Amino acid sequence: MTDLKQLDLDLRAGRLSRRDFLKAAALFGLSAAAPSVLLGTPAYAASEPKKGGHLKIGTGHGSTTDSLDPATYENNCMQSVGKTIHNYLTQVAANGQLGSELAETWEAADGAKKWTFKLRQGVEFHNGQKMTAKDVIASYKHHSGADSKSGAKVIVDAITDMQADGDYTLVITLKEGNADLPYQLSDYHLAVMPANADGKVDAKAGVGCGYYKLKNFEPGVKTSVEKFPNHWNAGAVHLDSAEFITIADVTARVNALTTGEIDAADRMDVKTLHLLARNKNVRVIETSGNAHYSMPMRCDTDPYKNPDVRLALKYAVDRNAMLETVLRGHGYIGNDHPIGRANRYLDKNLAQRAYDPDKAKSLLKKAGAEGLKVQLSTSDAAFAGAVDAAVLYKEHAAKAGINVEIIREPSDGYWSNVWMKKPFCFCYWGGRPTEDWAFSTAYAADAEWNDTVWKNEKFNKLLVEARAELDEAKRAAMYAEMQMILSDDGGTIIPIFNNYIGAVTDKVGTPEVIANDWDLDGQRAVLRWWKTA
Amino acid sequence: MMSILRLIFQRLGLGVLVLFAVSLIIFLGVELLPGDLCQAIQGQSATESTVAACRKDLGLDQPAPTRYINWLKGISQGDFGTSLANGREISELIGVRLSNTFFLAMVAAVIAVPLSLALGILAALYRNSWFDRSVNVLTLSSISFPEFFVAYILILVFSVKLGWFPSLSDVSPDTPLLERLHKVFLPALTLTLVVMAHMMRMTRAAIINLMASPYIEMAKFKGLSRSHIILHHALPNAWAPIVNVVALNLAYLIVGVVIVEVVFVYPGLGQLIVDSVQKRDIPVVQACSIIFAATYVVLNLIADILSIATNPRLLHPR
Chain A
1 MTDLKQLDLD
11 LRAGRLSRRD
21 FLKAAALFGL
31 SAAAPSVLLG
41 TPAYAASEPK
51 KGGHLKIGTG
61 HGSTTDSLDP
71 ATYENNCMQS
81 VGKTIHNYLT
91 QVAANGQLGS
101 ELAETWEAAD
111 GAKKWTFKLR
121 QGVEFHNGQK
131 MTAKDVIASY
141 KHHSGADSKS
151 GAKVIVDAIT
161 DMQADGDYTL
171 VITLKEGNAD
181 LPYQLSDYHL
191 AVMPANADGK
201 VDAKAGVGCG
211 YYKLKNFEPG
221 VKTSVEKFPN
231 HWNAGAVHLD
241 SAEFITIADV
251 TARVNALTTG
261 EIDAADRMDV
271 KTLHLLARNK
281 NVRVIETSGN
291 AHYSMPMRCD
301 TDPYKNPDVR
311 LALKYAVDRN
321 AMLETVLRGH
331 GYIGNDHPIG
341 RANRYLDKNL
351 AQRAYDPDKA
361 KSLLKKAGAE
371 GLKVQLSTSD
381 AAFAGAVDAA
391 VLYKEHAAKA
401 GINVEIIREP
411 SDGYWSNVWM
421 KKPFCFCYWG
431 GRPTEDWAFS
441 TAYAADAEWN
451 DTVWKNEKFN
461 KLLVEARAEL
471 DEAKRAAMYA
481 EMQMILSDDG
491 GTIIPIFNNY
501 IGAVTDKVGT
511 PEVIANDWDL
521 DGQRAVLRWW
531 KTA
Chain B
1001 MMSILRLIFQ
1011 RLGLGVLVLF
1021 AVSLIIFLGV
1031 ELLPGDLCQA
1041 IQGQSATEST
1051 VAACRKDLGL
1061 DQPAPTRYIN
1071 WLKGISQGDF
1081 GTSLANGREI
1091 SELIGVRLSN
1101 TFFLAMVAAV
1111 IAVPLSLALG
1121 ILAALYRNSW
1131 FDRSVNVLTL
1141 SSISFPEFFV
1151 AYILILVFSV
1161 KLGWFPSLSD
1171 VSPDTPLLER
1181 LHKVFLPALT
1191 LTLVVMAHMM
1201 RMTRAAIINL
1211 MASPYIEMAK
1221 FKGLSRSHII
1231 LHHALPNAWA
1241 PIVNVVALNL
1251 AYLIVGVVIV
1261 EVVFVYPGLG
1271 QLIVDSVQKR
1281 DIPVVQACSI
1291 IFAATYVVLN
1301 LIADILSIAT
1311 NPRLLHPR
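From first to last, the protein sequence lines are chains A and B. Position one of the first sequence corresponds to residue 1 (my numbering), numbered consecutively onward. Position one of the second sequence corresponds to residue 1001 (my numbering), numbered consecutively onward.
In isolation and in its complexed conformation, chain A is listed as follows (with noise of 0.2 Å):
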């Protein structure tokens, strides 16, 4: 049922990517020699949006320590709001391709390693700024230097030289050839905020050039836009305003769709979405992206340093149970590697992992390691449902020959003194747009959060060499290999993908194709759907 639904989602995706473009070229008078140039702003749907009206978001996340400061953003709400009040470089668009936002085009040269971006002319801040190359360069700066606390630090550091040639043209040089660079600077991060007289951003004062500006914000429990009349392209959009409303327990969060006091929320309950599904009123949508569940095992420790023992503790799972109890199979089933449906070069040809208890013996026994006892560390802190998975995974287990001990830590405090301290436990991933992002964020040697302490000097090299290698089939012939070095010997198991799973009431319209990279349509939901009464 799961895969029907899926396989209609991604026939669509498909068949519409194309459409979109072409719509897309032609409306802009882009010429088919720019094919990386491509609006995604917005989708084009059957049936025509309508303009105006008021959108209210519930989202699942927001807190009152939240703060406007795009290097600070760490949940759905505050990215969601950081998409809606300011724009970016560039911008993944629904179907999962790379378009233009404030950059027109860009190239690279120099083995990737130098970047000419030609900015957007005419872009207004909403405090009536023009936009010019400094803005981007101070915006940049504000995540770098040693005092830095972005979430974005890692991306800005790799850069040692910003350049501005003339108002429109960025020259940025980076330490190492990189051809994602442009995908990377879609993140949310980096938004581009006004530059004062001194080179530097007021960060917190939520000012930006997106299309809609900030009207009021009330951290954890609402903030307010409407639309900013002097945007570059405010024709794109449709809504008038739209708010987010926190809403942290997500019965409420059901019980205000219900009753129309919100128009959308996020996160639904994947134990009650059967009876969601049955109001007429309501639509879940519902997209297959990154997100994953990991269950990294440190390989500095024993007996995780085998890799045999790895493998076997990988063959030990049975992966569609888990869908299956864990996420009522809302999601997929992962192969122990962070790729996912949502990346550009995911290798659908290495032969997915069975839950496999005879060979998980066979591998032990070769280990030396037969009647392996472990200990498991988890916490609903990682994710909704992993101290059920944990037992699941016992079951699993014990029909191996292995002895599961499930040891529960407090939610409090889960990542820092449980999450890459104990040598076994639970993790959730976001799922990065990139291979070479996913790669370098958790399992690169040098990583900071390489939570398995995995080195593997074939994959590192790999990694070095496929970042900055500019021909397609080459690059996902690396990442082919990458995938199954990283299934076979790696250190982590990934034993399940998560959906993005929202809903909306029947007064909203949203284009056919919802972007699978984040929750609410690529956290662009109000800006790239419509109220339809």
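Rather than coming from a laboratory, the hints here were simulated on the basis of the structure. Model, not experiment: these values are computed from the prediction. Using N, Cα and C, we set each Cβ at its ideal position, and we do this for glycine too. Incorrect hints may appear among the rest.
Derived DSS-like pairs (lysine-lysine); straight-line CA-CA distance at most 25 Å [said to hold, decoys possible]:
| # | chain 1 | residue 1 | chain 2 | residue 2 |
| --- | --- | --- | --- | --- |
| 1 | A | 200 | B | 1056 |
| 2 | A | 507 | B | 1056 |
| 3 | A | 141 | B | 1161 |
Only some residues are given here: those of chain B computed to face chain A with a beta carbon under 10 Å [what the hints assert, rightly or not]:
| # | residue |
| --- | --- |
| 4 | 1067 |
| 5 | 1079 |
| 6 | 1096 |
| 7 | 1097 |
| 8 | 1152 |
| 9 | 1159 |
| 10 | 1160 |
| 11 | 1168 |
| 12 | 1240 |
| 13 | 1244 |
| 14 | 1267 |
| 15 | 1278 |
| 16 | 1306 |
| 17 | 1310 |
| 18 | 1313 |
With chain A held as given, fit chain B onto it using these hints.
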């Protein structure tokens, strides 16, 4: 009269001491929590260098006693400091939420207190009748259910099925009073159901207890009606225990409504303190705790004064 004034000053002095002790306990408690603000705020994406930068920025690298003393100094001058998490003034952060919390507590109290007193008196008047028993069963049932359950049932009936009241109580400072009352009705009703039993049973018990006293018997022999006896003879002497229970429940309405706030998405103080504990935003936690402690001190003070003022024996001790 002098004795009351002396009592008030005595209690106020003790209250300040209590607040000081509470601040110390809270500070130590927060210190014992694993992890700190910088780790909590960056979550899974924290790295050693970003955490170190963040700590230095917020002054978390200072030793705990220094931070405590600095904070006490500030608070004694009415300066709660700024939130570590988002740099906003705490007084500004708390101000709106505190008034929201007081508003909800007030609406709930305005419904709950007269209702439970009236029901308690009536239950005592018609003791052991079907009315007495059904009131007891109803109030005891509503207090026995968890708050969120009562809230969801009310939402199901009044919001989803009937559509009379909204399930979201997302009030903001510029919400007009009537709309505000409409929006907080369901949370206030939930709280009423939760606190009513306690006050109602205490009223009933206090009156029934007095009904066995010789002076009530005397009144009966004088031929007074039962309702007259209860209202004019029993009730004045029953005020002391009732007032204390009412004060306790009023304090609960202010400090204990986190679950109701979450279910109805009401921007009160409870949600702020939960968020702040999770994020290790120590100054906000401390400020909220001080306010909560102060609420208890003040309400208990008022209860004591009222119970003394309504009781001539306590008012003029020999």
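Evaluation of the provided hints:
1. A:200 - B:1056: Roughly 21 Å separates the two Cα atoms, so the pair holds.
2. A:507 - B:1056: Answer violated: residue 507 (chain A) to residue 1056 (chain B) is near 49 Å, above 25 Å.
3. A:141 - B:1161: violated, 54 Å
4. 1067: Given a least distance of 18 Å, the restraint on residue 1067 (chain B) is violated.
5. 1079: This interface hint is violated because 20 Å lies over the 10 Å limit.
6. 1096: This hint holds: residue 1096 (chain B) lies near chain A, its Cβ roughly 8 Å from the closest one there, short of 10 Å.
7. 1097: holds, 8 Å
8. 1152: holds, 7 Å
9. 1159: Result: holds, 5 Å to nearest chain A Cβ.
10. 1160: This hint holds: residue 1160 (chain B) lies near chain A, its Cβ roughly 6 Å from the closest one there, short of 10 Å.
11. 1168: holds, 5 Å
12. 1240: Violated - the Cβ of residue 1240 (chain B) stays beyond 10 Å from chain A, reaching only about 40 Å at its closest.
13. 1244: The hint is violated - residue 1244 (chain B) has no Cβ within 10 Å of chain A, the shortest such distance being about 34 Å.
14. 1267: Since chain A brings a Cβ to about 4 Å from residue 1267 (chain B), closer than 10 Å, the hint holds.
15. 1278: holds, 7 Å
16. 1306: violated, 36 Å
17. 1310: violated, 41 Å
18. 1313: Violated. Min distance 49 Å.
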